[in-house]
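Colleague: As a plain string of letters, each chain reads:
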Amino acid sequence: MENVNSYLIVSAILFSIGTIGVLTRKNAIVIFMCVELMLNAVNLTFVALSRHLGNLDGQIFVFFVMTVAAAEAAVGLALMIAFYNNKESIDVEDVNIMKW
Amino acid sequence: MSNHLLSLTTFLPILGVLLLLFIPKDSKGVLRGVALTVTVVTFLVSLPILTGFQTNADFQFTENVPWIAAGPFAMRYNVGIDGISLWLVILTTFIMPLAVLSTWTAVEEKVKEYMICLLLLETGMLGAFISLDLFLFYIFWEVMLIPMYFIIGIWGGKNKIYAAVKFFIYTMVGSLLMLVALIFLYFKGLEAGFTNFGLVQFFDLRLDPATQTWLFLAFALAFAIKVPMFPLHTWLPDAHTEAPTAGSVILAAIMLKMGTYGYVRFALPLFPDAAHRFTPLIATLAVIGIIYAALVAMVQEDVKKLVAYSSVAHLGFVMLGIFAFNTQGITGGMLQMLNHGVSTGALFLIVGFIYERRHTRLITDFGGLSKQMPIFATVFMIVTLSSIGLPGTNGFVGEFLVLVGSFESELRWWTVIASSGVILSAVYMLWMFQRVMFGELDNPKNQKLADLNAREIAIMVPLIALIFIMGVYPNPFIEKMDPAIQKLIARTKPVGQTAQQMPAMQGLPAGHPAMSGSAATSVEQAVPAVANPNEVK
Amino acid sequence: MFDNVWLIPLFPFIGFLINGLLGKKIKNETVIGGIGAFAVLCSFIVSCMTILNLLSLPGEERVANVKLFTWITSGHFNADIAFLIDPLSCVMIMIVTGVGFLIHLYSIGYMHGEEGFYRFFAYLNLFMFSMLLLVLGNNLLLMFVGWEGVGLCSYLLIGYYFHKKSAGDAGKKAFVMNRVGDFGFLLGVFTLFWYMGQNHNIWTIQFTELAANSHLLPTGGVVTVITLCFFVGATGKSAQIPLYTWLPDAMEGPTPVSALIHAATMVTAGVYMIGRMNYLFIRSPETLMVIAVVGACTALFAATIGTAQNDIKRVLAYSTVSQLGYMFLAMGSGAFAAGIFHLMTHAFFKACLFLGSGAVIHSMHHALHHAHSHDDAQDMRNMGGLRSKMPLTFLTFLLATIAISGIPGFSGFFSKDEILWQAFSNPHHGQLNYLLWGMGAVAAGLTAFYMFRLVFMTFFGECRITPKAKDHLHESPMVIVIPLIVLAALSVVGGYIGLPKVIGELFGGIPNYFEHYLEPVFRLSEEYMAQHAALGAEHHSATLEWGLMGLSVLIALFGIGVAFTMYVMNTELPKRFVATFPALHRAVYNKWYIDELYDYLFVNPCKALGRFLWKGFDVVVVDGAVNGVANVVMAFSGVFRFLQSGYIYNYAWSMAFGVVVILGYYVFK
Amino acid sequence: METLFFLIITLVAIVSAILVTTCKNPINSALALVMTFFCLATYYVMLDAPFMAAVQVMVYAGAIMVLIVFTIMLLNIRVDASKKHSHKVVLGSIIGFFTLVNTAFIVIKGHVASPNGPLTGEMIRQQGHTELIGREMFTNFLLPFEITSILLLVAIVGAVILAKKKI
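Residue numbers (the numbering used here), protein chains in the order written: chain A, 552 to 651; chain B, 1449 to 1985; chain C, 37 to 705; chain D, 204 to 370.
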C-alpha cells in the first residue's frame, strides 16, 4: 500500500484540474462534469484518510457525497434542460440573469 | 371577558385575516363583505371600552402577561388605555369600516391581499395605541409599517413605487433610531433594577439631562417623521397622492396620529427635561410647518396633494399645543388629532369619490361641480369648513384650545404667527373649493358626473355627524381625557418646578430628582397613592 | 324670566334645517319662503317679548345670563353656550329679527323662480341663526361662533350664483378678509384671557365677568394691544380701512342678501362688538383714536368712491362702508350709544335703499329680459325716469335717501348729527376732534351728493332703455313693496327715540330715550370717564351745537344741490367734469386701485412664495437632500454592482479566488 | 510493483482528467470522465475499500455518467460553437495552479495523524468491507442515511418539475 500522501497529492492534482475546468469552460455540462471531478478528488482524500486512520467515518461520508452528487446530477441536468428550453443554449455566458 | 376587551379588539382583525385566507380570491364580493364585517364588529367590540372607561387618570383594561423572557429583562404583553389613547383607539376602529367601504369599487385587483393588508394594518395601529410595554410598542409600530407599504406600493397610483419606498425608508430611519434609544433605555432600566420594559416605571426614571437629550432626540426624530413635522414632511404628499383612497384615509386619520401620540405618550413623560429644553425648537418647526404647508398647499395643482399639505399644517397645530405643556394646549392637541382624523379623513374620501369618477385629481380638470352634484357639494363644503376650523365644527374647538394653551405658555409669539395660519387655511381650502365646485361647468367630461351614491353617503354621514357633535358638544371628549392629561402635565414638569410644587400635587407620581437612579422598589414606594394596576411588581 | 331666549336663535335654525334638508323635496316656493319667513317672525315675536320683559325691569337689573349647557371646559378655560340679555343685545335682536323678517318677506317675491330657492332661504335662516348667536352670546367665544358663522353665510350667499366666477371670487374674498379680521379677534381673545388670568387669576371670557373685573385693567398698555386686536377683527367684519374691499364685491350676491347682511346686520357686528366691550376700549385712548381716525377716513374715502360708481348696488355698498365709518367714528369718540343709534337707523334706511334698488333691478331685469337686451340691469346709466313706472318704490327710496343724507326730521339726521357732535366735542382726541368733525361733515356732503345722484339717475330724467323694454317696466308685487314701506316709515320716524339733547330741550325736555335705555351697558365707561375727568372735557355750549348742526345740514343740502345741478339740470356737466379731470375720475372710478394694490402687495407675493417654497424648497432642498442621500447610496452600490454581473462563472471565479487567497493565508502565514 | 501500478493509474487518472477539461466535444469529456472514475475505483480497491469501489462504478460511472450522456445527446450539442475555452484560460490555470500549490503544501508540510481507529487491513479482509460499512451505516449513521432518502425524493420531484416544459 502506498503512502497516504501519494493519494492526497493525486487528489490535489485532480481537484486542481477540476477547478481549472470549472473556471475555463463555457459548456455547462462540461462544467458540471468538472464539478463531479472535484467531488471525486475529495472522495479520494476521504477514503485514503479513512483507511490511513483506521476509521470508517470517512467512507460513510463518501457514501453521502455520492448521494448528494446523484441528486445534484438529477437536479442540475434538469436545470440545464430547462435552461436549454428557454435559451436554446447551455453556454454559461448566456446565463446572466442572476443579478438585480 | 371585559378583561380581555383590548386584546379582543386588537386581534379581531387578525382573526378576520385568517377567515379571509379561506375565501377564494375570485369572490370579491364576499371578501369585501367579510372585511367590512370584521371592521364593523371590531368597532362594535371597541364600544364597551368607551362605555366602560372610568374617567380617571389610571390605565384601564390592562392586561399584563409574560411574553419574551430574555435574561434578566422580560418583554411583556402589557396593554391598557387611558384617556389619551382611548379616543385614538375608538377613532381607529371607527375609521376602518369607512376605509374599507371607501375602496369598495376602486380596488378591483388582488382584493384578497388588499383586505388582508387593511386588517393587518388595523391590528398594528390598535396595538401601538394600547401598548404599555416599550418593546411591544416598537413591534406594533413596525407592524403597521409593512401593510401600509404594500397598500401604497401595490394599489397605488402612477408613481407608487417611489412613494412607497420613500415612505418606508423615511419612517424606518426614524424607528431605527428609536430602537437604539430603546436598547439604551434597556440598560438604564437594568441599572435601575427594572425587570421589564413596562412603560409606567420608566416614567419615574429621571435620567440625567445629557442622556435625556440624546434619547429624546432619537424618539423625537422617529415621531417627528411620522407626524410629519417640517422639514421631514416630504414623504407625506407623495405617499398620500399615490396611495389608494383607503390608504390615504388611514394614513391621515390614524397613522399620522402615531407620531403625535408618541410625543404625548413617550417622548414627553420619559424625557421631560429634554422636552422642555427642545420646546422652542419644536415649536418653531411646528409654526414653520403651519405657515409653510399652508403656503405650499395654496399653489398645489393636485387636490390630494393640497389636502396632504393641509395635514402638515394641522399637525403643526397639534405639535404646538402639545408643547405648550398646559391643559388647554395638550387637550387641544389631542382634540385636534381627533378632528384631523375625522375631517382630513373625510377630505381624502371626498377626493377619492371624484377621482373614482373622473380619474384625475387636477384642480383645473374640475369646475362647477356644484351644479351637477349638489349632495357632494354640500358634503364637501361641510368638510372643508371643518378643515378650516369654522366654529361649530370640530376643527374650531381643537384649534382654539391649542392656540389658547400655547398663548398662555411661553410660546406666545409662536402662537401669534401660528394664528395667521388660520387665515391661510381659509385661503387655500376655499380657493380649491371654488375652483373645483364653483364656476361654469364647462368641461364636457364633468357634465355627466353622478352624484354620491348610497354607499358614499353612508360613508360620509357618520363623519359629518361627528364633525358637528365634536364641534357643538366636545365636552364628553374632553372630560374623558382630562385626568390623563393632568397627570401627564404633572409628570412633565421640569425638575426644579416639580420640587417646589410637590406638595400641591400629592398623589401624582411626578418624578422627583431623588428618584433618579434609585432602585425600583424605592420608586414604587414613592408612588403609593396611585393604585396603578399596570405596575409590574 | 328670560328662559325662552334660546328660542330666538332656535327658530331660524329649525328653518334652516327644514329648508336645507327637505327644501329640495318641498319644491313649492311659497312653502319654503313661508317657513323661512315664519321662523324669523317667531324669533321676532320672542324678541319683542324679551325686550318687553327687559323694559319691565329697573335699569340696574337689566342684565341676565341664560345658560344652556357647558360647551368647552379645559383647565381654567371655560366656555358655555349661554345668552346674555341686556339692553344692547335686545336692541340688536330687535333690529336683526325685525329687519330680517322684512327682508325674508321681500325675498319671497324677489327670488321667485330662482334656481335653488330653498338653498337661498336655508342660508338666510342660517345667517339669522349665526347673527343672533353673535349678538346674544354671553362670552367671547360664542360671539366668535356667530362672528364666523355670519362670515360663512355671507360667503355662501355672495357665492349664491356660484356658476359666475366673479361671485365665487367675491365670496372667497369676503371670507378671507373676514378671516384676517378674525385673526385679530382671536389674538385679542387670547391676550385678554391670558392677561386677566395671569395677573389677576380671573380666567374668563364671559362679558359680564369681564365687565365686573374691568377695573383691574390698566389704562393703555396691554389694553391697547387687546383692543387693537379686537379692532382688527372689527375692521374685517365691518369693512373698514384697510379691510373694506370685500364689501363692494359682495354685491355679487342677491340683493336681499346685500340688504340684510351687507348693510343692516352683519357688517355692523364690529360696531356691536366694540359697544359690547366698551369698558375695554374706553381704557385705551390710543385705540379710540385709531378707531376714530379709521372710521373718519373710511367714511370720507368710501364716499369719494361712491360718487363715481355706475352700478346702483356698488354705490350703495360704498355708502354702507362710509356709514359704517361714521359708526366707528362714534365708537372712537367714546359715544357708544350714538354709534349704536346710527347702527339702528342705518339698518332701517340702508335696508330700505337696498331693497328699493333690488326692486328696481328686478324690474329692469325683467324688462331687459323681455326685450332680449343684454344691457346691465344694475347700471344706472341704463335707468332713468323710473319715477312714474314704480311710484311706490320711488317714494320709499326717496324717503330713505333723505334720511341717509341727514335732512332734519328724518332718522339719519338725528343719528349722524349726534355722531358729528360727539366727534367734535368728545374729550378723547383733543385737537384732532376738529379734523374728525371736518372729515365727517365732508363725508356727509358727499353722501348727500352721491345718494341724490343715484336717485336722480335712476328715477328722474328720461328712461334710457329701449322703448320695447320700457313697456315691461312695472311696479313690484306687494310682497316686495310692503317691506319697503315699513322700512321707509321706520327710517322716517326711527330717529325720534334718540333726539339729541339740545333738540329735546327745545321741545320741552324730551330725554334721549335711546341713550338712556343703553345707559346700563355703557355705565362702566361713563364711570371710568367720570373718574378720569382730568382728561379735560371742555364744555361746549348749546349754541355751538346748533351751529354745527346747521352747518352739516347746509353741507348736505349743498351736496344735494350739486347732484341736482349735475344730473337733472345740466346732464352734460358730469361728462365735462370727467373730461376735465380724467386721471382723478379714473382713479375714483377704479376705487383708487386699492384692489390692485392688495393683489400686488399680498396676494401675488403669497402665491409666488408658496410656489417657490413648493418647487424651490420642498422639491429641491428637502426632497433633493432625501433623494440625494438615496442617489449617493445608489452610486456606491452601482460600483459594487459590477461585481454582480449575473454570470455564474464570475461568481465561480470570485469564489475560487477567495478560496485560494484564504487558504494561502493560512498555509503560508 | 504496487508503486508502479499506482503510478500508471495515477498517470491515467490525471491524463483523463485533463482530457475532461480540454476536449472540444462534451461526449469525449464524458468518456474521459468515465476513465477517471474507473481510476478512482481502482484506488479505492487499493485502499482496501472494495465496496466503495463498487459503488463508485455503479453510481458514478453508471448512473451519473449515463445521465450526463443522455443529457448531452438530448440537447444534441456537439461542439462549443465559438471558442472552446473562454478567454480566461491563463488566469484559470493560475488559480488552479495555486490551488494545487496550496494543497500540496499542506500535504507535504503537514503531517497526517497516526492511525487511531480500530480498522486495519486485516480486519477488513476478515469481516468484509461491505458488512463493516453496512453496520456503521445502519447503526451510527441511521438518521443521516434516512435523510438522504428524503434528499433523493426531493431531487426526483425537483428534477421532474424542472425538466417539464409545462406543469
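Please note that the accuracy of each hint is not assured.
In the DSS-like style, the derived pairs of lysine-lysine whose C-alpha atoms are separated by at most 30 Å in a straight line are [unchecked claim]:
no.: 1; chain 1: C; residue 1: 643; chain 2: B; residue 2: 1606
no.: 2; chain 1: B; residue 1: 1893; chain 2: C; residue 2: 60
no.: 3; chain 1: D; residue 1: 291; chain 2: D; residue 2: 227
no.: 4; chain 1: B; residue 1: 1606; chain 2: B; residue 2: 1928
no.: 5; chain 1: A; residue 1: 638; chain 2: A; residue 2: 577
no.: 6; chain 1: B; residue 1: 1893; chain 2: C; residue 2: 705
no.: 7; chain 1: A; residue 1: 638; chain 2: D; residue 2: 367
no.: 8; chain 1: D; residue 1: 291; chain 2: A; residue 2: 638
no.: 9; chain 1: C; residue 1: 201; chain 2: B; residue 2: 1896
no.: 10; chain 1: C; residue 1: 61; chain 2: B; residue 2: 1893
no.: 11; chain 1: A; residue 1: 638; chain 2: D; residue 2: 227
no.: 12; chain 1: C; residue 1: 705; chain 2: D; residue 2: 227
no.: 13; chain 1: B; residue 1: 1560; chain 2: B; residue 2: 1476
no.: 14; chain 1: D; residue 1: 227; chain 2: A; residue 2: 577
no.: 15; chain 1: B; residue 1: 1896; chain 2: C; residue 2: 103
no.: 16; chain 1: B; residue 1: 1606; chain 2: B; residue 2: 1893
no.: 17; chain 1: D; residue 1: 291; chain 2: A; residue 2: 577
no.: 18; chain 1: B; residue 1: 1819; chain 2: C; residue 2: 60
no.: 19; chain 1: C; residue 1: 103; chain 2: B; residue 2: 1819
no.: 20; chain 1: C; residue 1: 103; chain 2: B; residue 2: 1928
no.: 21; chain 1: C; residue 1: 103; chain 2: C; residue 2: 200
no.: 22; chain 1: B; residue 1: 1819; chain 2: C; residue 2: 705
no.: 23; chain 1: D; residue 1: 291; chain 2: C; residue 2: 705
no.: 24; chain 1: B; residue 1: 1473; chain 2: D; residue 2: 367
no.: 25; chain 1: B; residue 1: 1896; chain 2: C; residue 2: 60
no.: 26; chain 1: B; residue 1: 1896; chain 2: C; residue 2: 200
no.: 27; chain 1: B; residue 1: 1819; chain 2: C; residue 2: 61
no.: 28; chain 1: C; residue 1: 643; chain 2: B; residue 2: 1819
no.: 29; chain 1: D; residue 1: 367; chain 2: A; residue 2: 577
no.: 30; chain 1: C; residue 1: 651; chain 2: B; residue 2: 1606
no.: 31; chain 1: B; residue 1: 1819; chain 2: B; residue 2: 1928
no.: 32; chain 1: C; residue 1: 643; chain 2: B; residue 2: 1893
Just so you know, these hints were derived from the structure itself, not from any lab. Computed from a prediction, not measured in an experiment: that's the story for all the values here.
Colleague: A separate judgement is required for each hint: does it hold in the structure or not?
Modeller: Hint by hint, here is what the structure shows:
1. C:643 / B:1606: Measuring from Cα to Cα gives roughly 28 Å; hence the hint holds.
2. B:1893 / C:60: Answer holds: residue 1893 of chain B to residue 60 of chain C is near 26 Å, not above 30 Å.
3. D:291 / D:227: 16 Å, holds
4. B:1606 / B:1928: 43 Å, violated
5. A:638 / A:577: Holds, at roughly 15 Å.
6. B:1893 / C:705: 80 Å, violated
7. A:638 / D:367: 15 Å, holds
8. D:291 / A:638: 24 Å, holds
9. C:201 / B:1896: At roughly 21 Å apart (the allowed maximum being 30 Å), residue 1896 of chain B and residue 201 of chain C satisfy the hint.
10. C:61 / B:1893: Answer holds: residue 61 of chain C to residue 1893 of chain B is near 28 Å, not above 30 Å.
11. A:638 / D:227: OK: residue 638 of chain A and residue 227 of chain D at ~21 Å, within 30 Å.
12. C:705 / D:227: 40 Å, violated
13. B:1560 / B:1476: Since the Cα atoms of residue 1560 of chain B and residue 1476 of chain B sit roughly 7 Å apart, the hinted pair holds (cutoff 30 Å).
14. D:227 / A:577: 11 Å, holds
15. B:1896 / C:103: 50 Å, violated
16. B:1606 / B:1893: 22 Å, holds
17. D:291 / A:577: 11 Å, holds
18. B:1819 / C:60: 14 Å, holds
19. C:103 / B:1819: 41 Å, violated
20. C:103 / B:1928: 23 Å, holds
21. C:103 / C:200: Distance of about 43 Å is beyond 30 Å: violated.
22. B:1819 / C:705: Between residue 1819 of chain B and residue 705 of chain C the Cα gap is close to 87 Å, so the pair fails against 30 Å, i.e. violated.
23. D:291 / C:705: Holds - the C-alpha atoms of residue 705 of chain C and residue 291 of chain D are around 29 Å apart, at most 30 Å.
24. B:1473 / D:367: Measuring from Cα to Cα gives roughly 28 Å; hence the hint holds.
25. B:1896 / C:60: This hinted pair holds, its Cα atoms lying about 20 Å apart.
26. B:1896 / C:200: 20 Å, holds
27. B:1819 / C:61: 17 Å, holds
28. C:643 / B:1819: 28 Å, holds
29. D:367 / A:577: 24 Å, holds
30. C:651 / B:1606: Satisfied, since the Cα-Cα distance of roughly 20 Å is no more than 30 Å.
31. B:1819 / B:1928: Violated: residue 1819 of chain B and residue 1928 of chain B sit about 43 Å apart, past 30 Å.
32. C:643 / B:1893: 29 Å, holds
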